[in-house]
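So the protein sequences, as listed, match chains B and G.
Reminder that position 66 of the first sequence reads as 66 in the numbering used here, one-by-one numbering, no gaps.
Basically the numbering used here = 1-based index in the second sequence + 1000.
In short, the hints are calculated from the structure, not lab data.
Remember, predicted model here, so these are calculated numbers, not experimental data.
Just to be clear, a hint being listed does not mean it is correct.
[What the hints assert, rightly or not] Within a straight-line C-alpha distance of at most 20 Å, the following computed DMTMM-like cross-link-like pairs (lysine to aspartate or glutamate) qualify:
hint : chain 1 : residue 1 : chain 2 : residue 2
1    : G       : Lys1042   : B       : Asp107
2    : G       : Lys1045   : B       : Asp102
3    : G       : Lys1050   : B       : Asp91
4    : G       : Lys1107   : G       : Glu1070
5    : B       : Lys101    : G       : Glu1055
6    : B       : Lys59     : G       : Asp1001
7    : G       : Lys1045   : B       : Asp74
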Amino acid sequence: QVTLRESGPALVKPTQTLTLTCTFSGFSLSTSGMCVSWIRQPPGKALECLARIDWDDDKYYSTSLKTRLTISKDTSKNQVVLTMTNMDPVDTATYYCARSKDSNALDYWGQGTLVTVSS
Amino acid sequence: DIQMTQSPSTLSASVGDRVTITCRASQSISSWLAWYQQKPGKAPKLLIYKASSLESGVPSRFSGSGSGTEFTLTISSLQPDDFATYFCQQYNSYSLTFGGGTKVEIK
């Protein structure tokens, strides 16, 4: 059974760095073709893909946010970590992690974690 | 980045209606398109992948079609559980992008 769960602070201040952790089970990120992505959704708005990390450690970032994002994995802990620097109130959103195989659709999602950026 | 445009943004329908949602890509994405259903406070759920393949466990009243730049999601007979927001997503490029969403409301 595949599960993913996001964890991290619910509240961050402007200019701070956000660190989110995706802890998953039911698959391994060392298996050929596996990928984990981070997606966010501001309240009442559409989804935005932020970053993806593949089984072979290839990494892909949102064009508009790539200077602020870093994605990494710890295969032994079944975790993927996303850091986003210089947080702003417009970054207030629910942040999801999700799995895909062989660069296909996102077939399993975490429940999401709401991050509010406010002083 | 490839832009995905969904229409309509809101749709009012009744139980039993046939519902169609359209998604257009700003450039050809072959069949690398997925559809998701999202209910309030929940994560998106994959319905359709590769434009027309039904994800395991998804009711057969959902279907997808299209290729290139024009795609549709059809619900053949709307059920009470189907009132939700639907998103399309392209995965032709590494920079994944989503449509703006279509909210299906009760008429």
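> Quick one, are lysine 1045(G) and aspartate 102(B) close enough, alpha carbons at most 20 Å?
Replying inline: holds (18 Å)
> Would the pair lysine 1042(G) and aspartate 107(B) pass a check requiring their Cα atoms to be no farther apart than 20 Å?
Replying inline: Since the Cα atoms of lysine 1042(G) and aspartate 107(B) sit roughly 15 Å apart, the hinted pair holds (cutoff 20 Å).
>> Checking one constraint from the list: CA of lysine 101(B) to CA of glutamate 1055(G), max 20 Å. Satisfied?
In response: Satisfied, since the Cα-Cα distance of roughly 14 Å is no more than 20 Å.
> Keeping to a limit of 20 Å between CA atoms, is the pair of lysine 1050(G) and aspartate 91(B) held or broken?
Replying inline: violated (31 Å)
>> Next pair to validate is lysine 1045(G) with aspartate 74(B); report whether the Cα-Cα distance is within 20 Å.
In response: Judged against 20 Å, a Cα distance of about 26 Å means the pair is violated.
> Under the criterion that the straight-line Cα-Cα distance not exceed 20 Å, is the pair lysine 59(B), aspartate 1001(G) satisfied?
Replying inline: At roughly 17 Å apart (the allowed maximum being 20 Å), aspartate 1001(G) and lysine 59(B) satisfy the hint.
> Under the criterion that the straight-line Cα-Cα distance not exceed 20 Å, is the pair lysine 1107(G), glutamate 1070(G) satisfied?
Replying inline: violated (27 Å)
Hint compliance for this structure: hints 3, 4 and 7 are broken, all remaining hints hold.
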